[in-house]
Amino acid sequence: MLRVIHLSAGYGALRAVDGVSVSARAGEVVALLGANGAGKSTLLRAIAGLLRPWDGRVLVGGRNLAGWPAHRIAAAGLSLVPEGRGLFPGMSVRDNLRLGGFARRGSARELEERIDEMAGVFPALAERWDIPAAHLSGGQQQMLALARALVARPRVLLLDEPSTGLAPLVAGEILARIRRLKADGLAVILAEQNTRAALQAADRAYVLATGRVIFDGTVAELRASEAIARAYLGSE
Amino acid sequence: MESFWLILAIKGVMIGSIYALISLGFNVIYRTTGVLNFAQGEFLMIGSLAAASVHGKGGVGMGTALLLGVGAAGLTGALVDRLAIRPVRHSPPVVLVIVTIGVSLVLRAAASLIWGTDPYHLPPMSEGHVTAGGVQIEAQSFWILGVAVACMAGLALFFQRTALGRAMRACAENPEAAGLCGIDRGAMSLLAFGLSAVLAGISGILLTPLLSMSYDRGTMLGLKGFASAVLGGLGHPVAGVAGGLILGMLEQFGAWFSSAHKEILALSVVIVLLLCRPQGIFAR
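Chain order of the listed sequences is A and B.
Position 74 of the first sequence, counted from 1, bears residue number 72 in my numbering, the numbering being contiguous throughout.
If you want my numbering, it's the position in the second sequence, counting the first as 1, plus 38.
Bear in mind the hints are in silico, worked out from the structure with no lab data behind them.
Heads up, some of the hints might be wrong.
FRET-style restraints, in silico, Cβ to Cβ [claimed, not checked]:
1. H4/A with F320/B: 50 to 56 Å
2. G88/A with L312/B: 22 to 28 Å
3. I309/B with E111/A: 49 to 55 Å
4. L57/A with M100/B: 56 to 62 Å
5. L57/A with R199/B: 35 to 41 Å
6. A188/B with N34/A: 38 to 44 Å
7. P125/B with H4/A: 29 to 35 Å
C-beta: ideal position from N, C-alpha, C; glycine also.
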């Protein structure tokens, strides 16, 4: 569903992502691991169009979206939940969700139905429908960010550090939610510093270091690869 | 004596609601794009002169003239966004402010070429007056108040209830996330400039029967709209409306002391208020 081929991107003269190729099939959760500054966020931002790639291709369903502005990429079925969640803090939970469906084709009634569906999936949000997003707890904000991305019915979902700043129990709940997206046929790329948790949700993993892919394989292979495991999974 | 104060108050509310409308235009652009548009007064002037010239010299009917004036203002706003703002959209705010000041100079020069430097007039929307509480209130006052209230209510509904209005607010709250939601920020900026210029055009047309208009009168009015927006609290449209009413009142009561210095008096009070509350009177 998503194939990123030889993508390079960066800021100014700094090449933060250097010829990276990653992919995710429909119904697959792929973990993107690596230390702080390895290029995970830059890669996701370049794929989603927040940052213009210097080189390479971003294929979604066979179409090359590299170089498109973010709003057109979103309309083409690729959603990014950015680091820091990217909510509209002063707007209500419901308005945040409505905005998630902005680029979606279809009637206003269909959008409201889709939002009501989200209320069923995330009951904690449904209780706080008219509360500004800024007043939600960290976990609820992350759920709202996820729900807002899903309102658009994307084919590809990119998640940048969804468990950051959350209590382990809440983070676990979010990751369980993400695992369940596989059944809907989404292709998910999950960037995480919390390696242990990410690998529980993922089928495959990439490890990035200084902007390059240094490991590419299944979760089992990653666990078996001692050097990588020691460096990136923690030794405890 | 009482009726004297009443007349001042009525005039203050009337002028104040025009300032309120201009401040709304400021806030529409500021909230959507983060740009402080100092060409707002020129949008007003263009709307007014376009309507007055086709009505007076072109002999076009009043209704058509008003529509043409508002349309000319809106079109100017849209062109300014496309030609002046869009090419430098990613620049720091200071640069954008200076660009809008440049735009205001260009628009003033263009207006003096098109319409000359003589003042234009528009007749009031309806003649006559109403007598209430011992004072005569011109019918135009009711037009001003009615149109201003209708614009405010319409704008509030637009921003709260429609998908486009929400999308414009989203651009202000979190531009990057707006893009991720599929919102085209360039299109929202175009819409903000167009809408804001339409509001300015409406204020200009409402004002012209009272003050007459010429190519260079928009600037001061734009500044007063800006002062109203800042006085209430920039980015808070309702507070800006209150700011406009306060400024209008201050001016009228200032005119009671000295009509030549009413603006100095009013704007001095604004400066003092802002020294005490830099974030605006009503902003938290």
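Tested hints:
1. H4/A with F320/B: 50 to 56 Å: Since the Cβ atoms of H4/A and F320/B sit about 54 Å apart, the hinted range of 50 to 56 Å holds.
2. G88/A with L312/B: 22 to 28 Å: holds (24 Å)
3. I309/B with E111/A: 49 to 55 Å: holds (53 Å)
4. L57/A with M100/B: 56 to 62 Å: Since L57/A and M100/B have Cβ atoms about 59 Å apart, the given range 56 to 62 Å holds.
5. L57/A with R199/B: 35 to 41 Å: Hint holds: Cβ distance 39 Å, inside 35 to 41 Å.
6. A188/B with N34/A: 38 to 44 Å: violated (54 Å)
7. P125/B with H4/A: 29 to 35 Å: holds (32 Å)
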